[in-house]
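2 protein chains.
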Amino acid sequence: MKTLESITVLDLTQAYSGPLCTTLLADYGANVIKIEPAGVGDMTRYWSPIINGYSAYNELTSRNKKSVSLNLKAPEGKKIFLDLVKKADVIVENFKPGTAAKLEVDYESARKVKPDIIYCSISGFGQTGPEAKSPAYAIIAEAMSGHMDLTGFPETAPCKTGLSIGDSMAAVYGAFSIMMSLFQRSLTGEGQYIDVSMLDCLFFATESAVINTSVLPPERVITRSGNREIAFAPYDCYKASDGYYVLGGGTERHWISYCEVTGREDLLTDDRFKDNDSRKKNELELTDIISEFSSKHTRQEMVDMLSKVGIPCAPVLNIREAVVSPQIQARNMLAKMENPKTIGAYHIPNVPVKFSVSESSIDSPAPLLGEHNEEILSELGYSPEDIKELLEKGVL
Amino acid sequence: MKTLESITVLDLTQAYSGPLCTTLLADYGANVIKIEPAGVGDMTRYWSPIINGYSAYNELTSRNKKSVSLNLKAPEGKKIFLDLVKKADVIVENFKPGTAAKLEVDYESARKVKPDIIYCSISGFGQTGPEAKSPAYAIIAEAMSGHMDLTGFPETAPCKTGLSIGDSMAAVYGAFSIMMSLFQRSLTGEGQYIDVSMLDCLFFATESAVINTSVLPPERVITRSGNREIAFAPYDCYKASDGYYVLGGGTERHWISYCEVTGREDLLTDDRFKDNDSRKKNELELTDIISEFSSKHTRQEMVDMLSKVGIPCAPVLNIREAVVSPQIQARNMLAKMENPKTIGAYHIPNVPVKFSVSESSIDSPAPLLGEHNEEILSELGYSPEDIKELLEKGVL
Numbered sequence: 001m002k003t004l005e006s007i008t009v010l011d012l013t014q015a016y017s018g019p020l021c022t023t024l025l026a027d028y029g030a031n032v033i034k035i036e037p038a039g040v041g042d043m044t045r046y047w048s049p050i051i052n053g054y055s056a057y058n059e060l061t062s063r064n065k066k067s068v069s070l071n072l073k074a075p076e077g078k079k080i081f082l083d084l085v086k087k088a089d090v091i092v093e094n095f096k097p098g099t100a101a102k103l104e105v106d107y108e109s110a111r112k113v114k115p116d117i118i119y120c121s122i123s124g125f126g127q128t129g130p131e132a133k134s135p136a137y138a139i140i141a142e143a144m145s146g147h148m149d150l151t152g153f154p155e156t157a158p159c160k161t162g163l164s165i166g167d168s169m170a171a172v173y174g175a176f177s178i179m180m181s182l183f184q185r186s187l188t189g190e191g192q193y194i195d196v197s198m199l200d201c202l203f204f205a206t207e208s209a210v211i212n213t214s215v216l217p218p219e220r221v222i223t224r225s226g227n228r229e230i231a232f233a234p235y236d237c238y239k240a241s242d243g244y245y246v247l248g249g250g251t252e253r254h255w256i257s258y259c260e261v262t263g264r265e266d267l268l269t270d271d272r273f274k275d276n277d278s279r280k281k282n283e284l285e286l287t288d289i290i291s292e293f294s295s296k297h298t299r300q301e302m303v304d305m306l307s308k309v310g311i312p313c314a315p316v317l318n319i320r321e322a323v324v325s326p327q328i329q330a331r332n333m334l335a336k337m338e339n340p341k342t343i344g345a346y347h348i349p350n351v352p353v354k355f356s357v358s359e360s361s362i363d364s365p366a367p368l369l370g371e372h373n374e375e376i377l378s379e380l381g382y383s384p385e386d387i388k389e390l391l392e393k394g395v396l
Numbered sequence: 001m002k003t004l005e006s007i008t009v010l011d012l013t014q015a016y017s018g019p020l021c022t023t024l025l026a027d028y029g030a031n032v033i034k035i036e037p038a039g040v041g042d043m044t045r046y047w048s049p050i051i052n053g054y055s056a057y058n059e060l061t062s063r064n065k066k067s068v069s070l071n072l073k074a075p076e077g078k079k080i081f082l083d084l085v086k087k088a089d090v091i092v093e094n095f096k097p098g099t100a101a102k103l104e105v106d107y108e109s110a111r112k113v114k115p116d117i118i119y120c121s122i123s124g125f126g127q128t129g130p131e132a133k134s135p136a137y138a139i140i141a142e143a144m145s146g147h148m149d150l151t152g153f154p155e156t157a158p159c160k161t162g163l164s165i166g167d168s169m170a171a172v173y174g175a176f177s178i179m180m181s182l183f184q185r186s187l188t189g190e191g192q193y194i195d196v197s198m199l200d201c202l203f204f205a206t207e208s209a210v211i212n213t214s215v216l217p218p219e220r221v222i223t224r225s226g227n228r229e230i231a232f233a234p235y236d237c238y239k240a241s242d243g244y245y246v247l248g249g250g251t252e253r254h255w256i257s258y259c260e261v262t263g264r265e266d267l268l269t270d271d272r273f274k275d276n277d278s279r280k281k282n283e284l285e286l287t288d289i290i291s292e293f294s295s296k297h298t299r300q301e302m303v304d305m306l307s308k309v310g311i312p313c314a315p316v317l318n319i320r321e322a323v324v325s326p327q328i329q330a331r332n333m334l335a336k337m338e339n340p341k342t343i344g345a346y347h348i349p350n351v352p353v354k355f356s357v358s359e360s361s362i363d364s365p366a367p368l369l370g371e372h373n374e375e376i377l378s379e380l381g382y383s384p385e386d387i388k389e390l391l392e393k394g395v396l
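Chains as they are written, first to last, in the working numbering: chain W, 1 to 396; chain Y, 1 to 396.
It should be emphasised that the hints constitute simulated quantities derived from the structure, not laboratory data. Careful, some of the hints might be misleading.
As the list makes no split between identical chains, a pair holds if one copy fits it or if it spans any two.
Calculated pairs, DSS-like style, for lysine-lysine (alpha carbon to alpha carbon, straight line, at most 30 angstroms) [to be verified]:
(1) 280 with 133
(2) 86 with 2
(3) 2 with 114
(4) 86 with 388
Predicted, not measured: the structure shown is a model, and the values here were computed from it.
With the rest of the complex left out, here is chain W (with noise of 0.2 angstroms):
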């Protein structure tokens, strides 16, 4: 059984963090609805890579959800979204704070005609606050979080992560809260408004960074070391001869092991190494070290022998590389999808999280702009004259 097959979410999002959320439940079985801008649909339907005149990356996000073209502005298409309000459970906008009201597509207005329905707004700086409007690019809400003064190079500027960190927390901690909100819906039949940003769940995210403010010293430094860890070494990325590998070696016992495994025993009792606190005092030499070693072997090689020792490490993988890994096959982690409509054969990230029951799916790709028009319009008592109506006044 699919866990939320008796479900129905009205999606009103576009880009990433919205349609990610809706995403996760429509994996889980939702019926969900994605209601598009009328002759326009989702801004993903035009970010690249274009194939075939199609956007691969809009198959990412709307797999699974129905199409349904709707201009909001016109009192028919008003209407219409009302309609569905009534059948629906749950509803998520990703709008700019303000927007959802000024269309009256807001929680106000929804509940008005199903008082029990579930509204999650996601943002990038939340619904309130000096910034609520502020346009919420990922990598803004990355600054302003803390989060991105975190990740990087001493010695260089500060550093985005490369995907957008910001989208993927809020649509994740968005699927919760609606999950939450069901299962509190479960026990009193009330609905509720739910209000995720971007920049709330990164710096929730910012893990001891926080707390740290407050109980070190104001001119201790928190920011960012690169891939070193605070409280030893080695345990760093690596240069090989064909890329990078990851090392991380938290033990005494381990230090030994890599000084045996590569023929460095005299550095067991260099001065400089001798102890984790003299190495980290080091690293730098240190680092110099070990990736001079390592320059002569491939990833691989490094891996292999390292590992048999026990240490932990592991090639740093490209995402090519990372898609055919054995443990990401072992794990079904790739999707097999075929759009015959749009851009042909492709591959997707799988559902994440293994459940012993609850069944989830990618079932059907993308679909075109307005292609369940009819299937829900007449659901709600529209006629195939109506629905022609409708479409020729740019309604749907």
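For chain W, the structure is supplied; the task is to place chain Y on it using the hints.
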């Protein structure tokens, strides 16, 4: 009402991923009983910074929980554990795969005494596959997921995120999955087993990188690009006199405004920068020009100047600055705490999602090891004498 006040969670986790997962449940009212190794406790009790002999780190992830110290290897300890399972709804563990079964505290053991138990395992690489038992340092999961190769500057080594995004992601995916299971149990009465891994969650979070491997030609490298945007320029992190700021000009209007407000209308007719394509091609020179101008101004001066004309931008705040920033303050994202028994006053990030109905709060600071032994064991029918004896035997 706190949504989860009827839910009891047995928390067998240590370090960060598992404790963060159960923290999300505790903050919304779940009765979380943290079972810690007798005499030793969660490993975070020894993590820096140490204040007055107590770990600040441990305050972060043990708040709102009760602590029972328990030797799971002793027969009496196992009995207490199973008695607790009978009264629990959810169990969360993040042992190395295989350890829970060896200790007989795994799903199979638990469901024998509580058939509808929801049991969530969190691990580095999942319960299956060739890497299941590899050491699960977060940097290793990042390296294997493709995430690390995608983060950092092209001219430097790959870079992990500053804070442990693998743990953070696995934690919230765990909480989402537990809520899915509680919802499913409310429909069918059934419990289930959940297998969450850092690697799966990170791989899932690589946005369009995976689909791009399948639709772009093999020679097309998909790797890190620092803070730049593939599609447009300027969009980067730039130097100011007192630090860094980000600027994301996605439209032609933004570029024109930038040139006007900085008095560089000459750039508008400069062939190197006349349209987005040219700016992307000459991005290094563009960056130099922008940084040279802003290096004579503070971050705040730059942000004031650029926001006034509608250019998306923000200072890169370090964590101390983020904590006191107006938006974080306005969102009430800081919980001021006091633990008179351990580290005294401190602050931590507040619960990240705002609900209109579901209440959340951080009420109690981290418990001492075994602080709730008496309370919890007397609920199970143990007398003060029994408890004293168990303590003396090292079971508690």
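Evaluated hints:
no.: 1; hint: 280 with 133; result: between (45 angstroms within a copy, 28 angstroms between copies)
no.: 2; hint: 86 with 2; result: both (23 angstroms within a copy, 27 angstroms between copies)
no.: 3; hint: 2 with 114; result: both (25 angstroms within a copy, 23 angstroms between copies)
no.: 4; hint: 86 with 388; result: within (23 angstroms within a copy, 60 angstroms between copies)
When held up to the earlier numbered hints, the structure conflicts with none and fits them all.
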